[in-house]
Amino acid sequence: MSGSRQRKSDRVGVYICHCGGNISDHVDVEKVRADVERIPGVAVARTNMFMCSDPGQELIIEDLRQGIVDRVVVASCAPSLHEATFRSAIARAGANPYIYEHANIREHVSWVLHGDKATAKAEKLVAAAVGKARLLEPLDPIHVEARRHVTVIGAGIAGMTAARLLADRGLEVVLIEKSPYLGGHAARLDRVAPTGERAADLVSELAEAVLEHAAVTVMTSTRLAGFDGYVGNYDLRVRPVLAGPAEDRNGYVPFHGVVGGNPPELTIKTGAVILATGFRSYRPRRGEYGYGDLAGVVTLPEFIRLFSAAERSGDCLVLDGRTIRSVAMIHCVGSRQIPGIHEEDGDGRLNEYCSRTCCSAVLHAACRIRELFAGTRVHDLYRDIRTYGRGQEELYERASKSGVLFHRFTAEAPPLVEPGDGGETGDFPLRLTVRDGLTFGEEVRMGVDLVVLATGMEAGDIDELVAMMKLPVGTDRFLQEVHPKLAPVETSVAGVFLAGTAQAPMTIGEACNGAAAAAVKAASLLGRGYVELDPFVADVDPALCRGTGDCLQACLADGALEMVEVETEEGAARQARVIAARCLGCGACVAVCPTGAIDLKGWSLKQYEAMVDMIVADIPDNA
Amino acid sequence: MACRDVEGKILILATESCAYPGADSVGQAHSGYPANTYILRVRAPVMFPEHFYLDCFAKGISGIIVMSCGEECPWEGAYKALADRIDRVYRMMREQGLDIRRLRLTAICTVCNRAFLKEVNQMNEIVQELGPPRAQEAGAGDACAEDGAGQGNNQESP
Chain A
1 MSGSRQRKSD
11 RVGVYICHCG
21 GNISDHVDVE
31 KVRADVERIP
41 GVAVARTNMF
51 MCSDPGQELI
61 IEDLRQGIVD
71 RVVVASCAPS
81 LHEATFRSAI
91 ARAGANPYIY
101 EHANIREHVS
111 WVLHGDKATA
121 KAEKLVAAAV
131 GKARLLEPLD
141 PIHVEARRHV
151 TVIGAGIAGM
161 TAARLLADRG
171 LEVVLIEKSP
181 YLGGHAARLD
191 RVAPTGERAA
201 DLVSELAEAV
211 LEHAAVTVMT
221 STRLAGFDGY
231 VGNYDLRVRP
241 VLAGPAEDRN
251 GYVPFHGVVG
261 GNPPELTIKT
271 GAVILATGFR
281 SYRPRRGEYG
291 YGDLAGVVTL
301 PEFIRLFSAA
311 ERSGDCLVLD
321 GRTIRSVAMI
331 HCVGSRQIPG
341 IHEEDGDGRL
351 NEYCSRTCCS
361 AVLHAACRIR
371 ELFAGTRVHD
381 LYRDIRTYGR
391 GQEELYERAS
401 KSGVLFHRFT
411 AEAPPLVEPG
421 DGGETGDFPL
431 RLTVRDGLTF
441 GEEVRMGVDL
451 VVLATGMEAG
461 DIDELVAMMK
471 LPVGTDRFLQ
481 EVHPKLAPVE
491 TSVAGVFLAG
501 TAQAPMTIGE
511 ACNGAAAAAV
521 KAASLLGRGY
531 VELDPFVADV
541 DPALCRGTGD
551 CLQACLADGA
561 LEMVEVETEE
571 GAARQARVIA
581 ARCLGCGACV
591 AVCPTGAIDL
601 KGWSLKQYEA
611 MVDMIVADIP
621 DNA
Chain B
624 MACRDVEGKI
634 LILATESCAY
644 PGADSVGQAH
654 SGYPANTYIL
664 RVRAPVMFPE
674 HFYLDCFAKG
684 ISGIIVMSCG
694 EECPWEGAYK
704 ALADRIDRVY
714 RMMREQGLDI
724 RRLRLTAICT
734 VCNRAFLKEV
744 NQMNEIVQEL
754 GPPRAQEAGA
764 GDACAEDGAG
774 QGNNQESP
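Chains as they are written, first to last, in this note's numbering: chain A, 1 to 623; chain B, 624 to 781.
Bear in mind the hints are in silico, worked out from the structure with no lab data behind them. Be aware that one or more of the hints could be misleading.
Keeping only pairs whose Cα atoms sit at most 25 Å apart, straight-line, the calculated SDA-like set for lysine to any residue is [stated by the list, open to error]:
id	chain 1	residue 1	chain 2	residue 2
1	A	Lys401	A	Pro484
2	A	Lys606	B	Lys741
3	B	Lys682	A	Val592
4	A	Lys269	A	Met219
5	A	Lys606	B	Tyr656
6	A	Lys606	B	Glu752
7	A	Lys606	A	Asn96
8	A	Lys8	B	Leu663
9	A	Lys470	B	Ala704
10	A	Lys8	A	Gly20
11	B	Lys703	A	Asp558
12	A	Lys485	A	His18
13	B	Lys703	A	Ile579
14	B	Lys682	A	Met469
15	B	Lys741	A	Thr475
16	B	Lys703	A	Glu609
17	A	Lys31	B	Leu663
18	A	Lys606	B	Asp678
19	A	Lys31	A	Asp70
20	A	Lys31	A	Cys52
21	A	Lys606	B	Glu748
22	A	Lys470	B	Gln751
23	A	Lys117	B	Lys703
24	A	Lys606	B	Ala681
25	B	Lys682	A	Lys470
26	A	Lys269	A	Ala200
27	A	Lys117	B	Glu748
28	A	Lys8	B	Gly683
29	A	Lys178	A	Val144
30	B	Lys703	B	Glu673
31	B	Lys703	A	Met469
32	B	Lys703	A	Asp550
33	A	Lys117	A	Ile619
34	A	Lys117	B	Glu752
35	A	Lys269	A	Ala310
36	A	Lys8	A	Lys606
37	A	Lys178	A	Ala200
38	B	Lys703	A	Leu584
Note that this is a predicted model, so its numbers are computed, not measured.
Please build the complete structure, drawing on both the sequences and the hints.
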């Protein structure tokens, strides 16, 4: 790979994608093809409507099999989307997948430029990729032993589901939960939409399964205190959650007592981590729809708890000793917030997303009230109804048939909740006013005994975990996957997966889907007992290494480089050696080597120099 | 590989975990920016020695923007080593009479569209003003002579 061993390929194949017009509407791909085919080292250049399609991939496979090409450049979309696709195609042709370089002529060219400039820039980027590809060498992935062990953080529905599935696949599982209980938010529900099952049954079934499973170790009142290692070989330090501050552990804690002994901190050696840390229920601001100021204004989770102990007075619902003749339920509280209309939180943030579960949850609650307590009137005040899943639209219809009264408001004119004054709305403790879009903007006033706010989901309080594990967080503050479609439960940290509402608002069913996906991903990652890592690590050319040790000084990883005694033609000498499994592949060593003896496999300095050479070179114009 | 370049080529070294997907995000938003920009995906720009930058200018690259992950760098210590190196490159540029505004170290996150566009447009203005790189440029080492004058952190809060 390094200079003394370098050989340039003169059989580079270039494959240029139209991307169905996404590229070819702005880049003259045929001109690019004709021009780059004349670049030294290019054996063949081809175009295809969709290089990622089977016929597109076949072009590459066929050229490799026939020996026409031995290096591959695909010019298409961002490498994050299809680099793996084309490496895989190369492997299917029986070639080494690392003889591949990607030119991004969609996101970096055709989506930001038009006409001749776009075509010229695309040619330069392809030429640069050819320059690098000529210097690529076959590489072998790094083989690292992996622990067939997964740690699941969070014992809600998603975490328990993932733990059970993994254990059933024969993997050892540790399930960590910071609270003393298994069940998470689901345990705070009663009957769940749209099926009406008891949440307690779902939670109990799963909890029993994980508690009794021989392969699952459940650790409640436990939190993550440290995160170290790499995919297949993570070390997680965990410690018990204590009531008092950490510094008080060995002394008297005022108004608490004395914490008994040093808490045992232990290290879990694990191969992968599933984050099932859940969400936080939105807490309305004081005064938001009267919440906190007016008795009788509650959130939906609070209502669910009250309703689980409902009593009856004739046909009417009785909650906490109060007869509820009329109830108003307001949607989109703390969700779908709009800049300039809604008030930002203390950190200047808005929840601009839809929480997705509240419409069905509210309608389910409304149906339950109407069906069990015909004497209690239900007003449903909504901006839009989003009952999108199986059985949910039927719930909407059921609510309508059961006599729920719907009123539609806009974000600009939200309902006003005030104390009742005994006037036209009667002797109700609360008066609600809404400009109703369903009656052509008529202002409707109603007296109610109870207002239920359909509060949405917010990202959980996991800042410490995010910082410790360097986790990607989206603009909505939920944990972010690598790609919403192509890698929906993977994070940018290899071997760390997402399950459930840590990722986004979702229903229990969706959380279980996510948990199952994460479990499958973790099981397939660790199933063989080893993982293969990209071989993009430092490599020393013994012919050039003079043993200065500068690379050791610059190295950012512990133990990735060492000095060893070697026999050379001139006698015994000291040289640097790379410990591949510990090398981070950052290249800090490359910059400081006085003889250019150390370089990064697959991303070498010489390859970058070749790319720059191609960028500044004139490309022969075939037009 | 001599270069006749009237436009002034700008090389962008973009980290694969932050700035490169940041540039993808700009593309997804269909936000246009100058055509004379060539983005190279890098694992960590700390791998480039001082001479790489000087060689680029000698080859005819008019401006270089190092788009790092900044403080969010996945490799602890890499950003400081990089910043120190860029300072050394500035000193070497001044010794060669190159205007140090031709090199800029900045941080671009995966959703830093505005910061990306600002950096690219600013560098384009500079290379249009300065023309092709040549030793002993007028004004080199004057207005921007302070170490780190070309460094900036543009991380937008997502």
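Here is what the structure says about each hint:
no.: 1; hint: A/Lys401 with A/Pro484; in the structure: violated (37 Å)
no.: 2; hint: A/Lys606 with B/Lys741; in the structure: violated (30 Å)
no.: 3; hint: B/Lys682 with A/Val592; in the structure: holds (22 Å)
no.: 4; hint: A/Lys269 with A/Met219; in the structure: holds (15 Å)
no.: 5; hint: A/Lys606 with B/Tyr656; in the structure: violated (29 Å)
no.: 6; hint: A/Lys606 with B/Glu752; in the structure: violated (31 Å)
no.: 7; hint: A/Lys606 with A/Asn96; in the structure: holds (20 Å)
no.: 8; hint: A/Lys8 with B/Leu663; in the structure: holds (20 Å)
no.: 9; hint: A/Lys470 with B/Ala704; in the structure: holds (20 Å)
no.: 10; hint: A/Lys8 with A/Gly20; in the structure: violated (33 Å)
no.: 11; hint: B/Lys703 with A/Asp558; in the structure: holds (17 Å)
no.: 12; hint: A/Lys485 with A/His18; in the structure: holds (22 Å)
no.: 13; hint: B/Lys703 with A/Ile579; in the structure: holds (24 Å)
no.: 14; hint: B/Lys682 with A/Met469; in the structure: violated (41 Å)
no.: 15; hint: B/Lys741 with A/Thr475; in the structure: holds (21 Å)
no.: 16; hint: B/Lys703 with A/Glu609; in the structure: holds (24 Å)
no.: 17; hint: A/Lys31 with B/Leu663; in the structure: holds (23 Å)
no.: 18; hint: A/Lys606 with B/Asp678; in the structure: holds (12 Å)
no.: 19; hint: A/Lys31 with A/Asp70; in the structure: holds (23 Å)
no.: 20; hint: A/Lys31 with A/Cys52; in the structure: holds (21 Å)
no.: 21; hint: A/Lys606 with B/Glu748; in the structure: violated (30 Å)
no.: 22; hint: A/Lys470 with B/Gln751; in the structure: violated (39 Å)
no.: 23; hint: A/Lys117 with B/Lys703; in the structure: violated (37 Å)
no.: 24; hint: A/Lys606 with B/Ala681; in the structure: holds (16 Å)
no.: 25; hint: B/Lys682 with A/Lys470; in the structure: violated (38 Å)
no.: 26; hint: A/Lys269 with A/Ala200; in the structure: violated (33 Å)
no.: 27; hint: A/Lys117 with B/Glu748; in the structure: holds (18 Å)
no.: 28; hint: A/Lys8 with B/Gly683; in the structure: holds (24 Å)
no.: 29; hint: A/Lys178 with A/Val144; in the structure: violated (31 Å)
no.: 30; hint: B/Lys703 with B/Glu673; in the structure: holds (15 Å)
no.: 31; hint: B/Lys703 with A/Met469; in the structure: holds (21 Å)
no.: 32; hint: B/Lys703 with A/Asp550; in the structure: holds (17 Å)
no.: 33; hint: A/Lys117 with A/Ile619; in the structure: holds (14 Å)
no.: 34; hint: A/Lys117 with B/Glu752; in the structure: holds (21 Å)
no.: 35; hint: A/Lys269 with A/Ala310; in the structure: violated (48 Å)
no.: 36; hint: A/Lys8 with A/Lys606; in the structure: holds (11 Å)
no.: 37; hint: A/Lys178 with A/Ala200; in the structure: holds (20 Å)
no.: 38; hint: B/Lys703 with A/Leu584; in the structure: holds (17 Å)
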